[in-house]
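Line by line, the protein sequences are chains X and Y.
Letter 538 of the first sequence, counting from 1, is numbered 538 in full-length UniProt numbering, and no numbers are missing.
Letter 230 of the second sequence, counting from 1, is numbered 230 in full-length UniProt numbering, and no numbers are missing.
The hints are simulated quantities; they were obtained by calculation from the structure and are not laboratory data.
Take the hints with a grain of salt, since some may be wrong.
It does not matter which identical chain is meant; a pair holds if it fits inside one copy or across any two.
[Stated by the list, open to error] No farther apart than 25 Å at their CA atoms in a straight line, the calculated lysine to any residue pairs in the SDA-like style are these: (1) K705 / T148; (2) K58 / P291; (3) K449 / E422; (4) K224 / G713; (5) K705 / E179; (6) K224 / E179; (7) K224 / H539; (8) K425 / S159; (9) K31 / R463.
Just so it is clear, the structure is predicted and the values come from calculations on it, not from any experiment.
2 protein chains.
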Amino acid sequence: MRLRAFAAALLLLAAPAARAEDGYDLWLRYKPVEASAKGAYAARAAAIAPASDTPTMKVARAELERGLTGLVGKPASAAAGTRDGVILLGAASDPAVAKLNLPLKSLGEDGYLIRTLPVNGKATTVIAANRDIGVLYGVFRYLELIQTRQPVASLDLASAPKVKLRMLNHWDNLNRTVERGYSGQSIFDWWKLPDHVDPRMVDYARANASLGINGAVLNNVNAKADSLTAPFIDKAAALADTFRPYGIKVYLSARFSAPIEIGGLKTADPLDPAVRAFWKAKADEIYKEIPDFGGFLVKANSEGQPGPQDYGRTHVDGANMLAQAVGPHGGVVIWRAFVYSHEQPDDRAKQGYTEFKAFDGQFADNVVIQVKNGAIDFQPREPFHPLFGAMPKSNIGMEFQITKEYLGFATHLVYLGPLFEETLKADTMVKGKGSTVAKVVDGQLDGRKLTVMAGVANIGSDRNWSGSQFDQANWYVFGRLAWDPEADTRAIARDWAKMTFTNDERFVKPAVDMMMGSREAAVDYMTPLGLHHQMGEGHHYGPGPWVSGGPRADWTSVYYAKAGPDGIGFDRTPTGSDATSQYAPPVGACFADLKCVDEKDLLWFHHLPWDYRLNSGDTLWDGMVKHYSRGVSYVDGMNRTWASLAPYVDAPRHAEVADFLKIQRNEAQWWRDASIAWFQTFSKRPLPAGEKPPEKSLEYYQGLKFRFAPGNGL
Amino acid sequence: MRLRAFAAALLLLAAPAARAEDGYDLWLRYKPVEASAKGAYAARAAAIAPASDTPTMKVARAELERGLTGLVGKPASAAAGTRDGVILLGAASDPAVAKLNLPLKSLGEDGYLIRTLPVNGKATTVIAANRDIGVLYGVFRYLELIQTRQPVASLDLASAPKVKLRMLNHWDNLNRTVERGYSGQSIFDWWKLPDHVDPRMVDYARANASLGINGAVLNNVNAKADSLTAPFIDKAAALADTFRPYGIKVYLSARFSAPIEIGGLKTADPLDPAVRAFWKAKADEIYKEIPDFGGFLVKANSEGQPGPQDYGRTHVDGANMLAQAVGPHGGVVIWRAFVYSHEQPDDRAKQGYTEFKAFDGQFADNVVIQVKNGAIDFQPREPFHPLFGAMPKSNIGMEFQITKEYLGFATHLVYLGPLFEETLKADTMVKGKGSTVAKVVDGQLDGRKLTVMAGVANIGSDRNWSGSQFDQANWYVFGRLAWDPEADTRAIARDWAKMTFTNDERFVKPAVDMMMGSREAAVDYMTPLGLHHQMGEGHHYGPGPWVSGGPRADWTSVYYAKAGPDGIGFDRTPTGSDATSQYAPPVGACFADLKCVDEKDLLWFHHLPWDYRLNSGDTLWDGMVKHYSRGVSYVDGMNRTWASLAPYVDAPRHAEVADFLKIQRNEAQWWRDASIAWFQTFSKRPLPAGEKPPEKSLEYYQGLKFRFAPGNGL
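So here's chain X without its partners, still in its complex pose (with noise of 0.2 Å):
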């Protein structure tokens, strides 16, 4: 026996207290304002005069009286000008809105206005929006600035989204286990839907309406055709009606071949008459049961999943067809360019723009194609997807992953706004200089409409929703991302650290710049310089660089990191597989390009000797090494810092974060090691000095066996 870690929890439960901080709560705690700043907050927010009685502005109105109650204390109904401190809730068509004047027209559909204003001389705060789930959403922002200990007497500002759909695909299968999922099961008990509809179904909706996300695929995109059937469907739309209020809509992956499995065809040719006609009648029976259906999501032709090659049809032909079934109901196709074929010897990073670039133009108006954020799959570190800004005639979404299949599951700390960032900061340059991939997914570079942000949701049954504290942060920068794609995520994690833990500076300071850090640390620990796709097989925990063999090369780790004697790299460039070609010249150049290449991507796009000089004079094994090291180092930092905020966290949520810490304090060393350990098979070099060597052999590492990983989703 040995002291183990649990020990403090231990005696902490054992002692009497009220329900502890679990995070159950999110970033919607509302806890007590102090003494200090509360009296002006409660001034201001004294009454509510909701201007109507729908449902949403009902849920927003509830909102309101929940964060003020639990901030500020119980506010009052009171109809605006009858006294100060009147908070007025209305729509544009709303009477006591309509005659205020106020500049709505610009905030479109979803945007929300919050202005300080007299009404009858008494000092009133009005948000309004031109329909009632702008005013939800000003409720929430509302809410935030008083959390954050923002201003709120003077208050005169407007926000809009960016784009059109903001969603959250969940991989949750119907069985309710959920592939890549590390936070429990499938927040969807479809087993009890449609007669029992879980109370956290509304905590769900409410936590994604406070950030503007309004789309939730339900089920898996490796997804059941039994999800399109008649019982399924009535699930589908208890969940619809919940879900109503919040304006979040759902929507459905759909199997291609459901005309097969359920609708008794022998075919799924998309342009088989009969095979139309039960997309149409499918569609028809949705809507149906649910009105304001959002639409199909489709995975095709990818990774064994049937689609409309199977019958020689192409991608454009499979989803017109069933842009066609729903077009009439006002919903949409979202189709995945996430493919690569099994016939294709090609450099997987290739195959999406290849297959998908010569289509542009031909896809009906409601038709997304999703983009996952880089070539191969949600690796630590992506060059942007050169998809993005080749298809301007085109609706491109972006697909971001918030769960970490690839960025240690829920127990490593890896705050994913800066990848995000990273990403959607990065410039196309196909209309010159500024042409980022933030203004291809928002419609603005080629002037589309329906636009699309997706994120693979790390929601489960988990108490604390997202399997650990800080990953909870991931699905917040996520929906604020899918709001403002060009925000910075400096500042959302600021906000997230504040209204999750604590305003004291003295804790949000040290925790943000931790986080900021964390992704350049997991990146560094696991796969260095441009590296990718080095972990274990199949489950992906944990280091797996010797991964070979198996159904196909590009499966494997070392396809991606081709070391050898020679050195290590893929070379990408136009004397290797010239993916370089497919960015925008100016790009693709500079990424072919060693002098102009940025360090951080130099392994995905070149094949170099292990004595290459990097920037730092250093060979470019020795910087390998101390990447891995430097990694490790960050997490050493991250353990220390959260241990000394422990004054400012309550304990139960410490306690899980610093056991996670550990973990992955473990993790970032064994990354580092079996790395080192196999790599140095090829490089035959010696550490740099003062690098310790790996802890265990080569032979221990590849003997890990982990059977019942998570996140396989059976």
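Following the hints, position chain Y against chain X.
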């Protein structure tokens, strides 16, 4: 779109609210006593004086403080005799207790005494025991007295458990699925253990300790050998460390073939010296990590699991080998008698007895044979298992199933108290009248000391632990019966209802009445008059009386009902399988005699013509139909009763129960209708007057498929 049941819940939850009741607190809610009664309790519970500072005494003191703080106000710390109203906690060896000369001897290892007495003339309550764990049990009992509003001013009560090992069997897999689990994932998060121990593990231990449960088998009886590898022993040790202060030992299910799978051996033959050495070394390894490890639970040569018979050896050979490995450490081997052979075409109900009876007296002293309550498999009703009373020279333990595999999963309100009580009060007659199963299980009948009552847990990651609020009562009643197998399950239900909901008799009486009849209702709408094993195939959800074919007859429904034009029922009399002869003569003779056998067991033992006359005067067919309908009517009544209890129950829990009762109503109707539709094809008789025909065709019911039913535990 239709109006949906959750509308009420939705509105409720959108409203501002303190954290709602959700069932997490179980029967340990410790809500404030009403003002009129609080003073009297507070006076008696004003201060706590723990006599020592051991880990168990610490949690006993903390629990008492937590409970009193919630119920009557935070207690002070004060030594006994310094003021009135001190509660003195201590073990026999603590000086403060020793000097009181209390009659503790007869309390045994786990019993407790609670007595009011003067110390230095000050009114004092002493909670004393021979060991610290008894004090903790006494603390929970004392809190229960207040929770159920019993007087505490003049106490003199003592209680000691009649069964030594009071255990939960978790059928939890290492990937966190749960076989036959309907309450979410396994609460054991193997992936994060041992580095992180979920604080919920402490609440799990508290809840079990409050019932006197003192053992937990952590993994499924369909076991993976991995659970015996070093990493998993380390994980189990972390749980053991957490549970230890609460008196709960951990056990592991052991896969009999582990010597091959993880030991590098070619055989698992229990007489092979290398195999014996493997198990001895494995036991030593476990005990090094977990010095108070409880022992192994083994499912061998049953339903495809490996066992000694694979090597031509016997259950005795297998069990005693393991017993020898754990014996020196004080461990036990619990060997399940749930076996039925692939080869023998004998009545499955007979095979456990047939295989084990002859071994009586041959098992080692630290082996317990764990016998299911009935001879088939946890059916809604089974006659008691013939092995009870048949092996007086062996330790015979009871295995109940708390999770409702055959009783409606989590959404049917079925209180299992009457099922457990019916079995325990059944008279084996082996030593004359009064030789009840309870007296076999608690060792009285045969003077056994190593006694076991095990329950297959219904605990999972769901917030409410058990999948539904009322399924908590099944965990509760199991624990109370394990402490005292002769306890009254109505009284237990009353205690549970009071602590879980309210002491208001306007709630307690109707709620408990409803609970007490609920199991008979399930028997009626599922399998009346002794029918059994009529459920859906594989998942065991819903009716499947037509199930036939497949790999073995005794996994079908038709094998058990034996319905035909001539009648229905399984002849287990001497003219049939002669299973009745496995019981003591007066009991078996009664079962075999139509004039003696209770009608509740009629078709379990007899094959009878459709026009057989029941006691009611009805034909068998008419009586069957009326039983089915009576079950449905009872559920109708529960719906009405529950609706009327809304004033006494918090809205969230009331809504959840109401939703589930509606599901139960629909499924009860489905069971009735599908069963009648099927059996009518044999009876060829009309329904009795006033009975409605099935709502749908037999083909409809037969066509229903449930691919994603929970509990398969993949």
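Item to complete: Against the earlier hints, flag every one the structure doesn't satisfy and list their numbers going up.
Response: Hint 1 contradicted; others consistent.
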